[in-house]
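Chains as they are written, first to last, in my numbering: chain A, 1 to 236; chain B, 237 to 543.
For the record, the hints were derived by calculation from the structure and aren't laboratory data. Errors might be hidden in some of the hints.
As the list claims (entries may be wrong) - To be clear about the criterion: a stretch of chain A counts as covered by chain B if any three or more of its residues have a C-beta under 8 angstroms from a C-beta of chain B, and this derived list gives those stretches:
hint, stretch
1, 27-37
2, 100-111
3, 149-155
4, 181-188
Said to hold, decoys possible - With a Cα cut of at most 30 angstroms, we get these calculated BS3-like pairs of lysine-lysine:
hint, chain 1, residue 1, chain 2, residue 2
5, A, K64, A, K54
6, A, K54, A, K205
7, A, K200, B, K283
8, B, K271, A, K204
9, B, K392, A, K15
10, B, K271, A, K127
11, B, K374, B, K331
12, A, K15, B, K374
13, A, K39, A, K127
14, A, K188, B, K475
15, B, K392, B, K302
16, A, K194, B, K283
17, B, K475, A, K15
18, B, K331, B, K292
19, B, K271, A, K200
20, B, K271, A, K188
21, B, K374, A, K205
22, B, K271, A, K194
23, A, K30, B, K283
24, B, K271, B, K302
25, B, K271, B, K374
26, A, K15, B, K338
27, A, K188, B, K392
28, B, K374, A, K188
29, B, K331, B, K283
30, A, K127, B, K475
31, B, K292, A, K194
32, B, K338, B, K271
33, A, K204, A, K194
A virtual CB, placed ideally from N, CA and C, is assigned to each residue, including glycine.
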Amino acid sequence: MANFANLQVFANYQKYIDNEQEIRENIRIKVREIEHLAKEATIQLQIIHSDLSKIEYACLEARKQISACSNVYHQLAELIPVGQYYRYSDHWTYITQRLVFLIAMVIYLEAGFLVNRETVAEMLGLKTSHTEGFHLDIEDYLMGILQMASELSRFATNSVTMGDYDRPLNISHFMANLNSGFRLLNLKNDGLRKRFDALKYDVKKIEEVVYDISLRGLRNNCKQVNEENAVSSNEK
Amino acid sequence: MSQGPRSRHNNRRNQPKQKNVERSNSTDEQNPVVKAFQEYARELDSKHDRYERIVKLSRDITIEAKRIIFLLHTIDGRKDNRTKVLEEAEQRLNKVIEFNFKSVAQELIGQDPYQYRCAYSPGLQEFIEAYSFMEYFKFGNEGTDALSDWNVLQDKMVYENSGKEISEATDFSQKSVDDTSNDKIESAPMDKDNINNFKFLVDPTEYILGVADLTGELMRRCINSLGSGETVVCLETCKVLQQFYTGYVSLNVQRCRELSRKIYTMRQSLLKTENVCYNVKVRGGEAAKWGAVFENKISDDLDEGFY
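Can you make the complete structure from the sequences, with help from the hints?
This is the structure:
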């Protein structure tokens, strides 16, 4: 009976856990590298709020940082034993969401549409399905997209300040699409759900901006708007 | 889909705004965003469904394990029912392995077991508690053997595929888990007939957490046997508890809240048992019983946090 509590078990477990902690430390180093690159890209993209003419340049610079990330992700993927993605994933979910946000922002600024999950995964050098290896988790993708929504509502206000009255309309349309997309999801009561609940405030803010512009006939292609206004006032 | 009316409503609300944008003809079905999100919705749903199914299975395991623990507590030196109860407990535990864990393992074929860890971990821990408690009695008989570690359990939880649910993706994770953790399971033969076998991954951390719960049962046993006057058992359980505690304090684990909480509880149990043994020594079995009744009321509502 005296030997029942086998101390060898604990020694083995200590070995096991030491091994795990070593992997975690290596992961943390790589994640920090990615964080650094993402920070650079974030800084580059801040220019859009103060200078519209530099958007193209900012996107190019951000793209450079993002493609550098894909290398580090590749190294990170090598650290993770196959099939243990979710054992360690808490280390990189946050930064991956951040990068999804950055990519979605860049693509929106360049082309005006919502980047899909496949493209994000491709740009980061990740897979889309966990059976293929180190992948982009769907929830991370969605969280990143939601982050973009708040950034866009800020961008809408600032572009009005800088005299670009067409952009908020474009953003508003884009956000309406996004919103109807998210409504298709059956979200559980988790973090994603909470973040989604905040989306309506971003949508509301943009709609207010659009309202202000339309009310004052401030849009660049004023003629059409005036006609619209005339029609709607007649209806009333 | 149930979202039909909802999205239609949404669409209507947006219409005035979309009128002057050139996309006015885009219906929901053609919208690439909506299309993509329908795909995401499917993926999320299947994940949530699987999660819920595993939670259900895990709950059944928890209930059965708890019952087995109660059963084991009925072992009483006076009634001489040890072999009979042990036999039944072992049988029921094997049944849990054969059926319940098999269903969980089936759900996890081709999945990353760590993704669904929260769903099955309560059941697994409770099961490990019951299993090791059974072993405690079993080896107490012979007096030689020690508690089996996670590899022994892991070996029991390898199942043969009945044939119809063979998937190409049959757990790629199985191999990897074996060669990275320092499991002693020979991974080579496993790999070969991987197509026919699948297993339920017994994570060492879950194992350690489950065994930590065992100490609560040992404490309970100690108190119970004091009640029935078997003071030898009190001293015995106390010794085992002390050893377990030594083992647990020897661990150096970072970032595991759950474990440090359990070690704290374990210390409480340990102090309680040690106090019982002290009373036995000083006052003799008869009087210590009364002390135990008044001082250690907590013994019954000490639980593992779920239920």
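Consistency of the hints with the structure:
Here the stretch 27-37 of chain A counts 0 residues with a CB under 8 angstroms from a CB of chain B, which misses the bar of 3, and the coverage is violated. Coverage of the stretch 100-111 of chain A by chain B is violated. Counting CB-CB distances below 8 angstroms, 0 residues qualify, and the rule asks for three or more. Coverage of the stretch 149-155 of chain A by chain B is violated in this model, with 0 residues showing a Cβ closer than 8 angstroms to a Cβ of that chain against a need of three. Counting residues of the stretch 181-188 of chain A whose CB lies closer than 8 angstroms to any CB of chain B gives 8, so the stated coverage by that chain holds, three being the minimum.
Using a Cα cut-off of 30 angstroms, the hinted pair K64(A) and K54(A) holds, with the two alpha carbons roughly 16 angstroms apart. For a cut-off of 30 angstroms, the pair hint linking K54(A) to K205(A) stands: about 25 angstroms separates their Cα positions. Under the criterion of a C-alpha separation no larger than 30 angstroms, the hint pairing K200(A) with K283(B) is consistent with the structure, at around 26 angstroms. Of the supplied pair hints, the one linking K271(B) and K204(A) holds, its CA atoms being roughly 24 angstroms apart against a limit of 30 angstroms.
For the hint pairing K392(B) with K15(A), the CA-to-CA distance comes to about 23 angstroms; that is within 30 angstroms, so the pair holds. Note on K271(B) and K127(A): the hinted pairing holds, with a Cα-Cα distance of about 20 angstroms set against a maximum of 30 angstroms. Restraint check: the Cα-Cα separation between K374(B) and K331(B) comes to about 18 angstroms, which is no more than 30 angstroms; the hinted pair holds. At most 30 angstroms may separate the alpha-carbon atoms for a hinted pair to count; K15(A) and K374(B) meet this at roughly 28 angstroms.
For the hint pairing K39(A) with K127(A), the CA-to-CA distance comes to about 23 angstroms; that is within 30 angstroms, so the pair holds. Only pairs whose Cα atoms come within 30 angstroms are accepted, and K188(A) paired with K475(B) is rejected, the gap being roughly 47 angstroms. Among the hinted pairs, K392(B) with K302(B) is consistent with the structure: their alpha-carbon atoms are about 20 angstroms apart, no more than 30 angstroms. A C-alpha spacing of about 18 angstroms is found between K194(A) and K283(B), which places the hinted pair at or below 30 angstroms, so the restraint holds.
Among the hinted pairs, K475(B) with K15(A) is consistent with the structure: their alpha-carbon atoms are about 25 angstroms apart, no more than 30 angstroms. This hinted pair checks out: K331(B) and K292(B) have alpha carbons roughly 17 angstroms apart, not beyond 30 angstroms. Between K271(B) and K200(A) the alpha-carbon distance is near 21 angstroms, which keeps this suggested pair within the 30 angstroms criterion. Straight-line distance between C-alpha atoms of K271(B) and K188(A) comes to about 21 angstroms, which keeps the hinted pair within the 30 angstroms bound.
Taken as a hint, the K374(B) and K205(A) pair is broken in the structure, with Cα atoms around 68 angstroms apart against an allowance of 30 angstroms. About 23 angstroms separates the Cα atoms of K271(B) and K194(A), which keeps this hinted pair within 30 angstroms; it holds. Using a Cα cut-off of 30 angstroms, the hinted pair K30(A) and K283(B) holds, with the two alpha carbons roughly 29 angstroms apart. Restraint check: the Cα-Cα separation between K271(B) and K302(B) comes to about 47 angstroms, which exceeds 30 angstroms; the hinted pair is violated.
Straight-line distance between C-alpha atoms of K271(B) and K374(B) comes to about 59 angstroms, which puts the hinted pair past the 30 angstroms bound. With a C-alpha separation of about 29 angstroms, the suggested pairing of K15(A) with K338(B) holds against the 30 angstroms cut-off. For the hint pairing K188(A) with K392(B), the CA-to-CA distance comes to about 35 angstroms; that exceeds 30 angstroms, so the pair is violated. Taken as a hint, the K374(B) and K188(A) pair is broken in the structure, with Cα atoms around 44 angstroms apart against an allowance of 30 angstroms.
Of the supplied pair hints, the one linking K331(B) and K283(B) holds, its CA atoms being roughly 28 angstroms apart against a limit of 30 angstroms. A C-alpha spacing of about 53 angstroms is found between K127(A) and K475(B), which places the hinted pair above 30 angstroms, so the restraint is violated. For a cut-off of 30 angstroms, the pair hint linking K292(B) to K194(A) stands: about 25 angstroms separates their Cα positions. A threshold of 30 angstroms between alpha carbons decides the hint, and for K338(B) with K271(B) the separation of about 37 angstroms lies outside it, so the pair is violated.
Between K204(A) and K194(A) the CA atoms are separated by roughly 17 angstroms; this keeps the pair inside 30 angstroms, and the hint holds.
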